[in-house]
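Respectively, the protein sequence lines represent chains W and C. The opening residue of the first sequence carries number 2 in this note's numbering; numbering runs sequentially from there. The opening residue of the second sequence carries number 610 in this note's numbering; numbering runs sequentially from there.
Keep in mind that the hints were calculated from the coordinates and are not lab data. Since the structure is predicted, the reported quantities are computational estimates derived from the model, not experimental observations. Incorrect hints may have been included.
For each label pair, taking beta carbons as the anchor points, the in silico distance ranges come out as [said to hold, decoys possible]: (1) W/Phe201 x C/Glu721: 32 to 38 Å; (2) C/Val711 x W/Glu6: 21 to 27 Å; (3) C/Pro723 x W/Ser64: 36 to 42 Å; (4) W/Phe201 x C/Leu636: 20 to 26 Å; (5) C/Pro680 x W/Ile175: 32 to 38 Å; (6) W/Arg393 x C/Arg695: 15 to 21 Å; (7) W/Glu298 x C/Leu657: 57 to 63 Å; (8) W/Phe201 x C/Pro649: 31 to 37 Å; (9) W/Thr496 x C/Pro649: 50 to 56 Å; (10) W/Gly467 x C/Arg639: 55 to 61 Å; (11) W/Pro360 x C/Ala626: 38 to 44 Å; (12) C/Pro649 x W/Cys293: 50 to 56 Å; (13) C/Gly619 x W/Pro297: 29 to 35 Å; (14) W/Lys252 x C/Val692: 37 to 43 Å.
Among chain C residues calculated to face chain W with C-beta under 8 Å, some are [stated by the list, open to error]: (15) Phe621; (16) Leu629; (17) Arg658; (18) Leu666; (19) Ile679; (20) Pro680; (21) Val692; (22) Ile706; (23) Thr708; (24) Val710; (25) Leu720; (26) Gln726.
Using N, Cα and C, we set each Cβ at its ideal position, and we do this for glycine too.
Residue strings, one per chain:
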Amino acid sequence: MSMDEIFGLFQGLMTGFGIAFSLTNLSFALIGALLGTIVGILPGLGPSATISLLLPISFKIGSPVTSIIMMAGIFYGAMYGGSTTSILVNIPGEAASVVTCIDGYQMALKGRAGPALGIAAIGSFIAGTVGVIGLTFVAPPLAEFALKFGPPEYFALTLLGLLMATLLGEGSIIKGLIMVVLGLLLGAVGLDPISGAIRFTWGFFMLQEGIDFVTLAMGMFGIGEILINLEKELTTELVTKKVSNLWPNLKDWADSKWAIVRGSFIGFFIGILPGGGAVISSLVSYAVEKRCSKHPEEFGKGAIQGVAGPEAANNSAASASFIPLLTLGIPGNAAIAMIFAALLIQGVQPGPFLITEHPDIFWGVVASMYIGNVMLLILNLPLVGMWVQLLRVPYAILAPIIVLFCCIGVYSIRNTVFDIWIMGIFGVIGYIFRKVNLDPGPLILAFVLGRILEPALRQALLMSAGSPLIFFQRPISGTLMGFLLLFILIQIVVTLRKRWKG
Amino acid sequence: MGKWKHPGPGFFPFGLAIALVLLSFVLIFRHWKKDSSPAPFWSGRTWLRPLLGTAVLIFYALVVDLFGFIPTTFIFLIIWMWVIERLRWRTLLSISIGTTVVLYLIFSFFLEVPLPQGFLGL
Numbered sequence: 002m003s004m005d006e007i008f009g010l011f012q013g014l015m016t017g018f019g020i021a022f023s024l025t026n027l028s029f030a031l032i033g034a035l036l037g038t039i040v041g042i043l044p045g046l047g048p049s050a051t052i053s054l055l056l057p058i059s060f061k062i063g064s065p066v067t068s069i070i071m072m073a074g075i076f077y078g079a080m081y082g083g084s085t086t087s088i089l090v091n092i093p094g095e096a097a098s099v100v101t102c103i104d105g106y107q108m109a110l111k112g113r114a115g116p117a118l119g120i121a122a123i124g125s126f127i128a129g130t131v132g133v134i135g136l137t138f139v140a141p142p143l144a145e146f147a148l149k150f151g152p153p154e155y156f157a158l159t160l161l162g163l164l165m166a167t168l169l170g171e172g173s174i175i176k177g178l179i180m181v182v183l184g185l186l187l188g189a190v191g192l193d194p195i196s197g198a199i200r201f202t203w204g205f206f207m208l209q210e211g212i213d214f215v216t217l218a219m220g221m222f223g224i225g226e227i228l229i230n231l232e233k234e235l236t237t238e239l240v241t242k243k244v245s246n247l248w249p250n251l252k253d254w255a256d257s258k259w260a261i262v263r264g265s266f267i268g269f270f271i272g273i274l275p276g277g278g279a280v281i282s283s284l285v286s287y288a289v290e291k292r293c294s295k296h297p298e299e300f301g302k303g304a305i306q307g308v309a310g311p312e313a314a315n316n317s318a319a320s321a322s323f324i325p326l327l328t329l330g331i332p333g334n335a336a337i338a339m340i341f342a343a344l345l346i347q348g349v350q351p352g353p354f355l356i357t358e359h360p361d362i363f364w365g366v367v368a369s370m371y372i373g374n375v376m377l378l379i380l381n382l383p384l385v386g387m388w389v390q391l392l393r394v395p396y397a398i399l400a401p402i403i404v405l406f407c408c409i410g411v412y413s414i415r416n417t418v419f420d421i422w423i424m425g426i427f428g429v430i431g432y433i434f435r436k437v438n439l440d441p442g443p444l445i446l447a448f449v450l451g452r453i454l455e456p457a458l459r460q461a462l463l464m465s466a467g468s469p470l471i472f473f474q475r476p477i478s479g480t481l482m483g484f485l486l487l488f489i490l491i492q493i494v495v496t497l498r499k500r501w502k503g
Numbered sequence: 610m611g612k613w614k615h616p617g618p619g620f621f622p623f624g625l626a627i628a629l630v631l632l633s634f635v636l637i638f639r640h641w642k643k644d645s646s647p648a649p650f651w652s653g654r655t656w657l658r659p660l661l662g663t664a665v666l667i668f669y670a671l672v673v674d675l676f677g678f679i680p681t682t683f684i685f686l687i688i689w690m691w692v693i694e695r696l697r698w699r700t701l702l703s704i705s706i707g708t709t710v711v712l713y714l715i716f717s718f719f720l721e722v723p724l725p726q727g728f729l730g731l
């Protein structure tokens, strides 16, 4: 990187801070951080569902910059809040805090809830900031590189992203791939983007515009999640009523400082990967910490590294997963796919041109993330006792309100009850998917990426006069396809090995 | 469908359909070999509450255009918290009224979203 480019980055960042420090943007960053903390703490309501609830009203909030600042705040804010519930109730507040339950809850049982919450917040802050610094320096050159991408490159890249999302995701790979294919098929409903032919509308005029992303996301994530939660009584019993001594002692610091550093880097690199994200990074970090520790037997009995590492990793990954979105226009996971949709609703096409065409959006959002992390540290460290009270709000009251939010939200897109029906149908499908262990995340991701994948595939084939070899002959797409085949090969070898041993 | 040279509108979905069939066969084949008796889809009466939730949602979609946003939302909240959650009447009524008012204020007043009006104009 030349001096000029580095100077350009700082200039951009300064403009960004100018935008982020305006009163409107500061208040919406704060609202985002607050909402993120709240949905992070509340089990049964995650950041993806919350952002999808806000999508229909996103353009009423204000300019693209303002609404994306808020939604980003919800996303990384949830990473902070999630740990609180994991530690105090032993239920993950959101998916990326699952592993925090293991040692965080044990610490709370031993009367060390304070330091556990403290190290989670501080680790989150350090890692979140590391992630944003990485975003600041990696995104602009990557976007410039991506300017060379044509349809074959985009096809290879989206395909790689979808494959990685299923390989890195939890549960069966075959089931993940089925969800990807279903998502791509759902994305094909409506007018064909190239020829204008009508596909899969079954005579419904309302389906000609295709299935709206918001309707699908609210059904799958909002309604589907509520229906599955109705099955069990969600009771939240706190270990301790009062949380004291948030500040970790010297031994805690010594134990967890390297865990935080490692977590930050693990999170960053997994966050950049297409298909990677906060959930996976926290799992990887926990495994790494257990390996690195001199006392692995303490894990599961209240090891502070088991809280510090994963909590750092999920925050760093949350920041880093903005990189593929803002530079390539390719969202890596379901929550980022929601922000992708929000940009489209605002009329902004995410992609390599975003930084040059909308520098205010890119730098404004990046700068707001530095500020947002400071806000979240303050919200989560001294005020954590206040948020804990939220866990007293029973799900019995929350659930119908969320359902109403979904109904009004989808209704407001086109002013038609038809969309409430569609959402309800996807809600029931989402419920059934969850019952049979099908994760709707890859489906949502594939639905969004299908609109990039299909035109790219067809344009590439037009370019090459029908030869699929075009994907392998061009250097960048060839490399990407090489990785794709390599990952498939590794997966097959691993599966076969397991077979033979078992 | 088109050809490789000129892929038509059915080209991509057809490819997906083939992939879906293949993947489904793999999934079926795997479970065939395992031959384990699966856990029941619903254990006990766990199906009841999700079913009721869906029913209340269908009710909402059916009548919201007719009765309008305010009455339907209010009735929806009462039914949900009474039938599904069995809350006490006093809590139930106060939350229903409060939520309806707050939602109306947020969506209609601040965000100026057009809400269904119904024959009462509410």
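Each hint tested on the structure:
Between W/Phe201 and C/Glu721 the C-beta distance comes to about 34 Å, which sits within the given range of 32 to 38 Å. Between C/Val711 and W/Glu6, the C-beta spacing of about 50 Å breaks the proposed range 21 to 27 Å. Under the hint 36 to 42 Å, the C-beta atoms of C/Pro723 and W/Ser64, about 22 Å apart, miss the expected range. At about 23 Å, the beta-carbon gap between W/Phe201 and C/Leu636 stays in the expected band of 20 to 26 Å.
At roughly 48 Å, the beta-carbon separation of C/Pro680 and W/Ile175 lies outside the given 32 to 38 Å, and the hint is violated. At roughly 19 Å, the beta-carbon separation of W/Arg393 and C/Arg695 lies within the given 15 to 21 Å, and the hint holds. Remark: the range hint 57 to 63 Å for W/Glu298 to C/Leu657 is contradicted by a beta-carbon distance near 45 Å. The hinted window of 31 to 37 Å between W/Phe201 and C/Pro649 holds, with their beta carbons roughly 34 Å apart.
For W/Thr496 paired with C/Pro649, a C-beta distance near 29 Å fails the hint of 50 to 56 Å. At about 35 Å, the beta-carbon gap between W/Gly467 and C/Arg639 misses the expected band of 55 to 61 Å. As the Cβ distance of W/Pro360 to C/Ala626 is approximately 43 Å, the hint placing it in 38 to 44 Å holds. The hinted range of 50 to 56 Å is not satisfied by C/Pro649 and W/Cys293, whose Cβ atoms lie roughly 43 Å apart.
At about 55 Å, the CB distance of C/Gly619 to W/Pro297 disagrees with the hint of 29 to 35 Å. Between W/Lys252 and C/Val692 the Cβ separation comes to about 53 Å, which falls outside the hinted range of 37 to 43 Å. Checking C/Phe621 against chain W by beta carbon gives a least distance of about 5 Å; that is within 8 Å, so the hint holds. Hint status for C/Leu629 relative to chain W: holds, with the closest Cβ pair at about 5 Å, below 8 Å.
A hinted interface residue such as C/Arg658 counts as satisfied when its beta carbon comes closer than 8 Å to some beta carbon of chain W; here the least separation is about 4 Å, so the hint holds. For C/Leu666, the interface hint holds, since its Cβ comes within 8 Å of a Cβ in chain W; the closest pair sits about 5 Å apart. About 12 Å separates the beta-carbon of C/Ile679 from the nearest beta-carbon of chain W, more than 8 Å, and the hint is not met. Annotation: C/Pro680 was flagged as interfacial toward chain W, and the flag is violated, the nearest CB pair being 13 Å apart, outside 8 Å.
The criterion of a C-beta within 8 Å of any C-beta in chain W is not met by C/Val692, whose closest approach is roughly 11 Å, and the hint is violated. Checking C/Ile706 against chain W by beta carbon gives a least distance of about 13 Å; that is not within 8 Å, so the hint is violated. Interface restraint check for C/Thr708: the shortest CB-CB distance to chain W comes to about 6 Å, inside 8 Å, so the restraint holds. At a threshold of 8 Å, the smallest CB-CB gap from C/Val710 to chain W is about 13 Å, leaving the interface hint violated.
With a cut of 8 Å, the hint placing C/Leu720 at the interface with chain W holds, because the nearest CB-to-CB distance is about 5 Å. Restraint check, C/Gln726 versus chain W: the minimum CB separation of about 11 Å is more than 8 Å; hint violated.
When held up to the earlier numbered hints, the structure conflicts with 2, 3, 5, 7, 9, 10, 12, 13, 14, 19, 20, 21, 22, 24 and 26 and fits the remainder.
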